[in-house]
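Residue numbers (the numbering used here), protein chains in the order written: chain Z, 19 to 312; chain A, 19 to 312.
Please note: incorrect hints may appear among the correct ones.
Intra- or inter-copy, both count: the list cannot distinguish identical chains.
[Claimed, not checked] Lysine to any residue pairs mimicking SDA-like chemistry, simulated, CA-CA at most 20 angstroms apart: (1) Lys49 to Glu60; (2) Lys45 to Met19; (3) Lys31 to Ala295; (4) Lys79 to Arg38; (5) Lys90 to Pro282; (6) Lys173 to Ile258; (7) Lys176 to Leu144; (8) Lys176 to Leu256.
Please keep in mind that the hints were generated in silico from the structure rather than gathered at the bench.
Quick caveat, the model's predicted, so the values are computed rather than measured.
Protein chains: 2
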Amino acid sequence: MKTYLECIPCFFKQALGAARLSGASEKTQKKILNEVALRIPEFPLIFGPPEMARIIYGIIKKMTGNGDPYEKIKEKSNKLALSVYPKLKKKVAHSRDSLLTAVELAIAGNIIDYGVKNSLNIREELGRILAEENSAIREESKSIFNYKNFKHTLKNAKIILYLADNAREVVFDRVLIEEIKRTDKIKNIIYAVKEKPVINDALWEDARMAGIEKTARIISSGLDTPGTVLSLCSKRFLKIFKRADMIISKGQGNFEALSDCNRPVFFLFMAKCPVIAQDVRCRLGDVILLHKTK
Amino acid sequence: MKTYLECIPCFFKQALGAARLSGASEKTQKKILNEVALRIPEFPLIFGPPEMARIIYGIIKKMTGNGDPYEKIKEKSNKLALSVYPKLKKKVAHSRDSLLTAVELAIAGNIIDYGVKNSLNIREELGRILAEENSAIREESKSIFNYKNFKHTLKNAKIILYLADNAREVVFDRVLIEEIKRTDKIKNIIYAVKEKPVINDALWEDARMAGIEKTARIISSGLDTPGTVLSLCSKRFLKIFKRADMIISKGQGNFEALSDCNRPVFFLFMAKCPVIAQDVRCRLGDVILLHKTK
Numbered sequence: 019m020k021t022y023l024e025c026i027p028c029f030f031k032q033a034l035g036a037a038r039l040s041g042a043s044e045k046t047q048k049k050i051l052n053e054v055a056l057r058i059p060e061f062p063l064i065f066g067p068p069e070m071a072r073i074i075y076g077i078i079k080k081m082t083g084n085g086d087p088y089e090k091i092k093e094k095s096n097k098l099a100l101s102v103y104p105k106l107k108k109k110v111a112h113s114r115d116s117l118l119t120a121v122e123l124a125i126a127g128n129i130i131d132y133g134v135k136n137s138l139n140i141r142e143e144l145g146r147i148l149a150e151e152n153s154a155i156r157e158e159s160k161s162i163f164n165y166k167n168f169k170h171t172l173k174n175a176k177i178i179l180y181l182a183d184n185a186r187e188v189v190f191d192r193v194l195i196e197e198i199k200r201t202d203k204i205k206n207i208i209y210a211v212k213e214k215p216v217i218n219d220a221l222w223e224d225a226r227m228a229g230i231e232k233t234a235r236i237i238s239s240g241l242d243t244p245g246t247v248l249s250l251c252s253k254r255f256l257k258i259f260k261r262a263d264m265i266i267s268k269g270q271g272n273f274e275a276l277s278d279c280n281r282p283v284f285f286l287f288m289a290k291c292p293v294i295a296q297d298v299r300c301r302l303g304d305v306i307l308l309h310k311t312k
Numbered sequence: 019m020k021t022y023l024e025c026i027p028c029f030f031k032q033a034l035g036a037a038r039l040s041g042a043s044e045k046t047q048k049k050i051l052n053e054v055a056l057r058i059p060e061f062p063l064i065f066g067p068p069e070m071a072r073i074i075y076g077i078i079k080k081m082t083g084n085g086d087p088y089e090k091i092k093e094k095s096n097k098l099a100l101s102v103y104p105k106l107k108k109k110v111a112h113s114r115d116s117l118l119t120a121v122e123l124a125i126a127g128n129i130i131d132y133g134v135k136n137s138l139n140i141r142e143e144l145g146r147i148l149a150e151e152n153s154a155i156r157e158e159s160k161s162i163f164n165y166k167n168f169k170h171t172l173k174n175a176k177i178i179l180y181l182a183d184n185a186r187e188v189v190f191d192r193v194l195i196e197e198i199k200r201t202d203k204i205k206n207i208i209y210a211v212k213e214k215p216v217i218n219d220a221l222w223e224d225a226r227m228a229g230i231e232k233t234a235r236i237i238s239s240g241l242d243t244p245g246t247v248l249s250l251c252s253k254r255f256l257k258i259f260k261r262a263d264m265i266i267s268k269g270q271g272n273f274e275a276l277s278d279c280n281r282p283v284f285f286l287f288m289a290k291c292p293v294i295a296q297d298v299r300c301r302l303g304d305v306i307l308l309h310k311t312k
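Using the sequences plus the hints, can you model the full thing?
Next up, the structure:
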């Protein structure tokens with residue numbers, strides 16, 4: 019997805035939020051915004067928003083010396099997420115269509131991440147998602163939900179590349195990966211995390227803490243961008259990206275980076291921003307399982 | 019009020035909105051945002067937001083040749099506002115405290131302006147405001163409402179300077195000015211409008227169309243900023259500003275520009291942005307009648 023003009027105000031919002039989280043003084047915050055401003059004229063809109071995010075976090079690191087402003091938040095939420103794991107497993111086990119429930123929970127992880135940043139009541143939201151009779155996701159919010167296609171592609175896929183999003187979602191991803199493996203043990207599932215910290219994206223240690231390595235191979239994409247920007251990925255990752263029979267992509271950042279790529283990608287995310295909702299043609303807040311074909 | 023860092027993303031939002039209204043192509047819109055970006059580093063935060071708005075509208079005028087993107091919108095809303103005038107007068111006439119009702123209606127004009135830009139249901143809102151038994155403003159939204167002080171200052175004021183905000187509010191201002199004159203005909207009321215177009219701010223012709231000159235003297239502040247930035251006002255205006263016994267200031271822009279000045283200003287506005295709400299210490303959407311004393 020290209021960068022829309024509406025993304026530009028948002029770049030400054032993000033920069034300010036991350037600068038504050040990095041403990042920058044007000045003077046340094048202004049300096050960071052100044053530096054971001056100077057990059058705007060040279061930033062071509064054909065680049066996706068994750069490429070600007072990379073620039074922004076680079077500036078923050080340079081100005082504050084803090085390369086991982088979200089470190090503490092991630093640690094805390096990793097623990098919270100793990101404590102939920104048994105409940106997620108129970109929900110999948112008791113559901114009529116366990117794969118569907120696992121897919122829904124994987125997206126629910128993305129909703130919760132949104133909630134944390136937007137003072138949504140997480141405990142209440144989690145309670146609703148986990149309530150046994152409920153579907154993990156409200157039916158009316160599933161405006162684009164290519165589950166049939168997902169199931170069919172999955173059946174025939176041998177190598178599956180799973181692109182992680184935020185650290186706190188990893189445990190939800192683990193549940194989906196375990197469900198895929200439960201029905202077909204020989205599947206080769208590779209879970210790709212970021213190489214270096216960017217926002218609250220999952221890194222190697224987050225994936226390990228959530229127990230992914232018990233069920234999938236963890237690799238690094240080589241990136242420090244929120245979203246899998248192919249031109250910046252490591253060669254090793256790109257090889258797998260090209261060979262995979264199916265790619266499961268979590269979160270908005272990965273959608274922004276890969277929505278125009280020519281591979282069998284299934285995008286699982288909540289449409290959290292109006293620009294993406296417009297691009298996908300759904301309502302803000304809708305839950306998306308999208309197989310975008312060129 | 020100084021510019022807060024949160025205002026910076028908003029500058030870009032405003033620039034984009036106005037660029038589109040000016041009919042700029044997408045390419046020109048990006049060029050406008052680039053130019054705004056280049057001004058950020060040199061913009062000191064001690065300047066208020068209206069000074070940045072002046073820069074933004076200057077860039078748009080230079081890039082598109084359109085010096086008044088809101089012209090058509092203003093024309094339309096001037097007509098709408100005038101059609102409401104008899105109903106406003108009736109409401110004041112039938113109320114228990116006619117001055118209070120007139121003050122409330124003057125602020126209601128500011129709410130309606132907000133509604134127009136934020137797809138609030140104007141007809142419904144107007145209907146609610148005009149409903150005879152209702153107060154024009156919901157009691158719970160009046161978090162800061164120094165009416166007693168306003169009434170007392172008004173009683174002793176001979177020269178009153180009334181600072182206009184948006185064009186569509188002028189007819190609401192006329193009702194308040196007429197109510198003030200009804201009880202004390204010798205009062206000298208001066209209604210200040212902007213010299214040149216900026217956003218949808220009231221100009222001389224808007225004030226005339228709304229019939230202000232029947233009850234007050236219209237002057238220009240000499241400005242093309244949304245908000246009365248004293249350092250940019252005409253000498254003639256400043257003379258009146260200093261001599262006035264009471265200043266009635268409409269809208270957020272005037273609050274941003276004058277909140278730290280050393281004159282008896284009463285600010286009437288709706289807190290439409292979170293930064294202002296925080297500065298004033300009220301909730302977003304609250305209705306304010308504030309006598310700020312240094």
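Hints, one by one, checked against the model:
1. Proximity of Lys49 to Glu60 under the C-alpha cut-off of 20 angstroms is found in both arrangements, the shortest distances being 18 angstroms within a copy and 11 angstroms between copies.
2. Only between protomers do Lys45 and Met19 lie at most 20 angstroms apart by alpha-carbon distance; the minimum there is 18 angstroms, versus 34 angstroms within a single protomer.
3. In this assembly of identical chains, Lys31 and Ala295 lie within 20 angstroms of each other by CA distance both inside one copy and across copies; the values are 19 angstroms within and 18 angstroms between.
4. For a Cα distance limit of 20 angstroms, the shortest separation of Lys79 from Arg38 inside one copy, 12 angstroms, qualifies, whereas the shortest one across copies, 35 angstroms, does not.
5. When the C-alpha separation of Lys90 and Pro282 is checked against a cutoff of 20 angstroms, the pair qualifies neither within a copy, at 35 angstroms, nor between copies, at 49 angstroms.
6. Within a single copy, Lys173 and Ile258 get their C-alpha atoms as close as 19 angstroms, which meets the 20 angstroms cut-off; across copies the closest is 80 angstroms, which misses it.
7. For the identical chains of this complex, Lys176 and Leu144 are neighbours neither inside a copy (33 angstroms) nor across copies (63 angstroms), given an alpha-carbon limit of 20 angstroms.
8. With identical chains, the CA atoms of Lys176 and Leu256 are at most 20 angstroms apart within one copy only, with a shortest distance of 17 angstroms there and 78 angstroms across copies.
Hints 5 and 7 from the earlier list are contradicted by this structure; the remaining hints agree with it.
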